Amino acid sequence: MTDTRRTISIAVLLLLIGLFAGSLLSTTIITRPLGVEQINTITVTFTKTVTVQQTPPRTIIIGATVPKTGPFSPVAGLFDKLYIAWQDMVNERGGLYVKQYGTRLPVKVVIYDDESRGETAARLYEKLITEDKVDILLGPYSSVITLAVLDVVAKYRVPMVATSAAAPSIYNRGIKNVFSAIDLLPTWSYNYFEMIKAEGKAKTIAFVIEDDPYGRGVVMGAKPKAEEIGLRIVAEEVFPIGTKDFTAIILKLKAADPDIVFVAALAPAAAAFVKQALEQGLRPREYHVPQLIKAFIEAVGLKNVNYFTGEWFWTEDLPYDGYFGKAFWLEAMSRAGLRNEDYPWAAVHWLALEVVSAAIERAESLNKEDLIEALDSIYIMTISGPTQPGRDYGPFTNVGLIKSFPVQIVDGKFRVIWPPEIRTGQYVYPIPWP
Amino acid sequence: MMSSAAIVELTLGGLLLGGIYSLLSIGLTITFGISKILNLSHGEFMMLGSLFVYLFFQFTGGSFNPFLSLIILLPLFFIFGYLFEKFLIRYLRSKAGEIQEGALLLVTLGAALIIEDLAFITVPREFGVPYSLPPIKILDLTISTTRLTILTLITCVTLGLHLFLRKTFTGKAIRATIQDWEGALLMGIDVNRISAITFGIGASLAAVAGAFLVMLYAVDAYMGLPITVKAVTIVILGGMGSIVGSLLGSIILGITEVYVSFYNPAWSFTVAWLILILILLIRPQGLLGKRIKRI
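Protein chains in written order, with the working numbering: chain X, 1 to 434; chain V, 1001 to 1295.
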């Protein structure tokens, strides 16, 4: 409805300008194929003068998929709105500067629904590259889907900035044209464990791990880090993707009686496990669910997740302005109808947009090799802090610097609990179970 | 070594899963007994039951006890099953001599695919009902009240069905029609009406199973066909047309899945299937089925 109203408003505005001022400069109508849902977006581009009509030499085309349907849709299904808000706002500012053309060029994001399926995503990324002729790609949601598109993206050597995908198995293949703004999954929970160490209350931990790149990737770092800070690992339960009944795991955890239950699983599986664990009376001193997001909370129930801890990549208290400025980011979230509390991964997708923008403006042209070179060399400030998407270390290539930080939900409100400089509330431990 | 508390909780979990399977497979076995058509869209009634409870819960803003939705669910799906028989199964049965048996199966498969796609358009993702009752503690045991309630309700529904089939005229007519369609017709039973009622009961049982399932697990629009395959296997294991056999087969499958997953979750389905195959190798007619004598 908002899109329609905005479309009509802009159309009327264009008509008026065309009739009375004669200064309408250029209009591009973009249709985004999105499965059954098709939304028309009108992008209007103005030059600095109102007397000369000038068509931009070309449009920068950025390709992406989002899971509009399937299991990941509650988590990231609305991120197309963020991409479109970014597109509109960048175009309202005149576009992105490309030196080869000596001017700012409008951007267009072509988005498809990958149905939360790897094979669909792989097919769509090939379509984006070969039919839509994109200049640069944004990665799909999740490591597992990103892994499925890697071969296609590597084959055509189109630059891609991954979004919510930081499994080590993506970045240890020597692929030179895939980049990430955030650090590898195993490092995400470092801030969380630093807090546990500083608090010094918890002594034991149990890991519940979904057998997919995300779960495995998180635990790859979390387990040694837990041991490093002196936590004793009393259980480590891996479950296959698609598991419905967690009774067996819950029984083992009850017997192990850990202080912390660390759930390394994507939101749908994490919710299924936690819901059953609570029903069956598993009451540890703390539940740590990195994916403490709206989809998880809605599936388990808000009152049931009180005092749970999770991980975020951005909060208003972070002192960074980012590539476009904090106000620009907040405006985009507002236009997309998203709240950080509900969709904390939106910030990660924004980081990717910041990296894409910086690379385009830094590159001499829209030539793909130039874009890859720019991505490889930039060091930029994002809303979550500085990052260097071309950073290589050990066997890994092109991983950024940004790590998550722990948050806790208390009486329906999120509080940042670490690091101390951005803390908005005290960490509550143990959970005061009713 | 497994503790006694673990044994009790696993057994309860297995009985619960088996109970849900039994609601589905008993419905399938009685509808197959009546129509002699294997309805491959039977699992879709279960999926629609889940979807109904989920939408009902969402529509009421989560303020409504999902157990109470059964009051609407049962008659609604009875009508749905009744009409399904009247307009699809009865037509297919009338063409049984003209159409190949495989084609009849394909029609019910097609119906399943259509229902799944329509459901997916309605809710294109996994869905579950975030409802749970506080657990109760008995000695060392902490038991889910939600699960206990569901297990109790499944027992009530199964006993109710048993009494209905044994004590009421319609129930006896259903059993008679399952045994001998022509014989029942000659005895003055309105077999078409009985067939439609049986499908109504089958759909209601499946929908109730779906309602319970969505209170326990996250499900999706495409769960119908895999669960139908499971139900068909249980029906074959229990003995085609045997209600008690289906109940027994369901409990064996449920308990096996839960116990095996205690040691290795990845093996729970495989071992359950292996046991089913083993039983069928020993008793090809199923647990309580009658052996067909070859002449």
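FYI, nobody ran anything at the bench for these hints, they're computed from the structure. Among the hints, a few may not be true.
Pairs of lysine-lysine, DSSO-like flavour, derived with a Cα cap of 30 Å [as the list claims (entries may be wrong)]:
1. Lys303(X) with Lys1172(V)
2. Lys1036(V) with Lys252(X)
3. Lys244(X) with Lys1137(V)
4. Lys201(X) with Lys1172(V)
5. Lys203(X) with Lys1036(V)
6. Lys155(X) with Lys197(X)
7. Lys1172(V) with Lys1036(V)
Beyond 10 Å from chain X on every Cβ pair, some chain V residues (computed) [stated by the list, open to error]:
8. Leu1017
9. Phe1120
10. Lys1137
11. Val1258
No experiment lies behind these values; they were computed from the predicted model shown. C-beta atoms are modelled at their ideal positions from N, C-alpha and C, and glycine is treated no differently.
For each hint, the structure was consulted:
1. Lys303(X) with Lys1172(V): 49 Å, violated
2. Lys1036(V) with Lys252(X): Not satisfied, since the Cα-Cα distance of roughly 45 Å exceeds 30 Å.
3. Lys244(X) with Lys1137(V): Measuring from Cα to Cα gives roughly 24 Å; hence the hint holds.
4. Lys201(X) with Lys1172(V): With a Cα-Cα distance of about 66 Å, the restraint between Lys201(X) and Lys1172(V) is violated, given a limit of 30 Å.
5. Lys203(X) with Lys1036(V): Violated. Lys203(X) to Lys1036(V) sits at ~62 Å, over the 30 Å cutoff.
6. Lys155(X) with Lys197(X): 45 Å, violated
7. Lys1172(V) with Lys1036(V): 18 Å, holds
8. Leu1017: Its Cβ does come within 10 Å of chain X, the nearest being 7 Å, so this is violated.
9. Phe1120: Phe1120(V) is in fact no farther than 10 Å from some Cβ atom of chain X, at 7 Å.
10. Lys1137: 7 Å, violated
11. Val1258: The claim breaks: Val1258(V) does not keep its Cβ more than 10 Å from every Cβ of chain X (closest is about 6 Å).
The earlier numbered hints that this structure contradicts are 1, 2, 4, 5, 6, 8, 9, 10 and 11.
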